[in-house]
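Undergrad: Each chain is listed here by its residues.
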Amino acid sequence: MYSFDYVKPGSIDEAVAALQAEDAQALGGGQTLIPTLRQRLAQPSVLVDLGGCLDAGVASQDGGCRIGGGATHASVAASADAPKWLRAVADGIGDPQVRNRGTIGGSLANNDPASDYPAAVLGSGAEISTNARTIAADDYFQGMFETALNEGEIITGVTFPKLEAANYQKFDQPASRFALVGVFVGKGAGGVRVAVTGASESGVHRWADAEAALAGNFSTDAVPGAPSADGVISDLHGSAEYRAHLVAVLTRRAVAAAG
Amino acid sequence: MPSISMTVNGKSVSGEVEGRTLLVQFLREDLGLTGTHVGCDTSQCGACVVHVNGESVKACTMLAASADGAEVATIEGMANADGSLGVIQQAFQDHHGLQCGFCTPGMVMSAADLLQKNKNPSEGEIREWLEGNICRCTGYHNIVKAIQAAAAAGA
Ligand SMILES: Cc1cc2nc3c(=O)[nH]c(=O)nc-3n(C[C@H](O)[C@H](O)[C@H](O)COP(=O)(O)OP(=O)(O)OC[C@H]3O[C@@H](n4cnc5c(N)ncnc54)[C@H](O)[C@@H]3O)c2cc1C
Ligand code: FES
Ligand code: FES
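Chains as they are written, first to last, in the working numbering: chain A, 1 to 259; chain B, 1 to 155.
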């Protein structure tokens, strides 16, 4: 690792101020950032550890829930205040030690194209709060590793709405434990939403054809055949056609499991 | 340089570290607790698992400075006060849950976290829990048996 300074501010305001320094970077649970630093793929001047100021709580709210930006995957998975469908998403991330450190804020800030939380946030129509504003999921995800966050902006929490039915189906890539493909289906006041991770070269996205079909008939029979393989990720773990096929299979499974 | 202090296996320790010093480096190089191993560069193998405030974490994927003020437990703290093996360690020996032993400290610390959360895990639950602990020797069967035996012995 290259050398860097370390600070652990006691308040969000101090953290925001510390992140103004040139090449400063936020540190959440470190489960993505520290491996990146160990490979010398990043060279921050100072890491601003958010562990001393970020809300890490999970609270039920209006039938959905509000999760602090510093909440670990393990604490969401274990919380009785989070809906079952969200607990299952958190419980399927990585391994127990990654879940004990990794945070929802870090996962969303990173927006890895094969990560799990982005599918749940987009597929449920959740809202992301930062030190400066609230961002709707539809405006937040902007492509692989790209988000609406400004430089130095901190994710302070995520608000998930109440859903009548919801489920996330993940097809594990067995070596990394990330999603080879993952599909989140959610049915709530805003209609039916279907969000897909792991498949597109432009990151997490909604599958409009499936949403339209499921809006009138929320059943596995209504799920369309595989979407086009254009723009779908192709690598040694699976071809674009294979991933596109999985999108439809996992959507059917998610609808069946959402009940 | 951050000055840090923490409790490691019940003893207070402190030191000066660089911002980039990993918890595993602090344990191994500054404190001489070389039981915690480093097996990979990608946060995937679990040889480095220790407990921080009672939760298992990968010590290679946490900064020492982030553990300031924490209670840390390592494999060196797993033996009984008289130096004999703790229940989980003894079960690994009895059931041949190790061959080269490189993964074993992480396996034992991971198993200890599982057993504090789930006193009587099923075979499937044990295998799932060990997702972040890689062993290149045993094929896992005897590790799973050892953890089942440790659970039965009330670890
Ligand atoms: C072995 C392994 C397996 C994994 N498997 C999966 C998996 O199956 N599915 C999955 O989704 N993920 C997986 N992950 C990634 C894991 O979920 C990480 O926890 C997550 O991607 C990053 O969260 P973090 O809190 O660790 O963030 P960090 O690593 O600390 O930070 C990641 C990025 O986010 C920024 N950041 C952190 N917190 C905030 C915040 N509150 N506001 C703004 N920016 C912030 C940092 O500056 C950095 O750029 C895995 C990781 C490992 C090591
Ligand atoms: S050394 Fe491999 S996970 Fe820590
Ligand atoms: S006993 Fe050799 S790696 Fe597990």
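Hints are computed from structural coordinates only; laboratory data are not their basis.
Incorrect hints may appear among the rest.
[What the hints assert, rightly or not] Straight-line Cα separation of at most 25 Å, DSS-like style, residue types lysine-lysine; simulated pairs:
id: 1; chain 1: A; residue 1: LYS84; chain 2: B; residue 2: LYS119
id: 2; chain 1: A; residue 1: LYS84; chain 2: B; residue 2: LYS117
id: 3; chain 1: A; residue 1: LYS187; chain 2: A; residue 2: LYS162
id: 4; chain 1: A; residue 1: LYS84; chain 2: A; residue 2: LYS187
Predicted model only: the values in this text are computed from it and were never measured.
Undergrad: Now tell me if each hint is right for this structure.
TA: Now the hints, each set against the structure:
Distance restraint check for LYS84/A and LYS119/B: the Cα-Cα separation of roughly 23 Å lies within the 25 Å cut-off, and the hinted pair is therefore satisfied. A threshold of 25 Å between alpha carbons decides the hint, and for LYS84/A with LYS117/B the separation of about 19 Å falls inside it, so the pair holds. Taking the CA atoms of LYS187/A and LYS162/A, the gap is about 9 Å. The hint holds against a cut of 25 Å. Taking the CA atoms of LYS84/A and LYS187/A, the gap is about 14 Å. The hint holds against a cut of 25 Å.
Every hint from the earlier list agrees with this structure, and none is contradicted.
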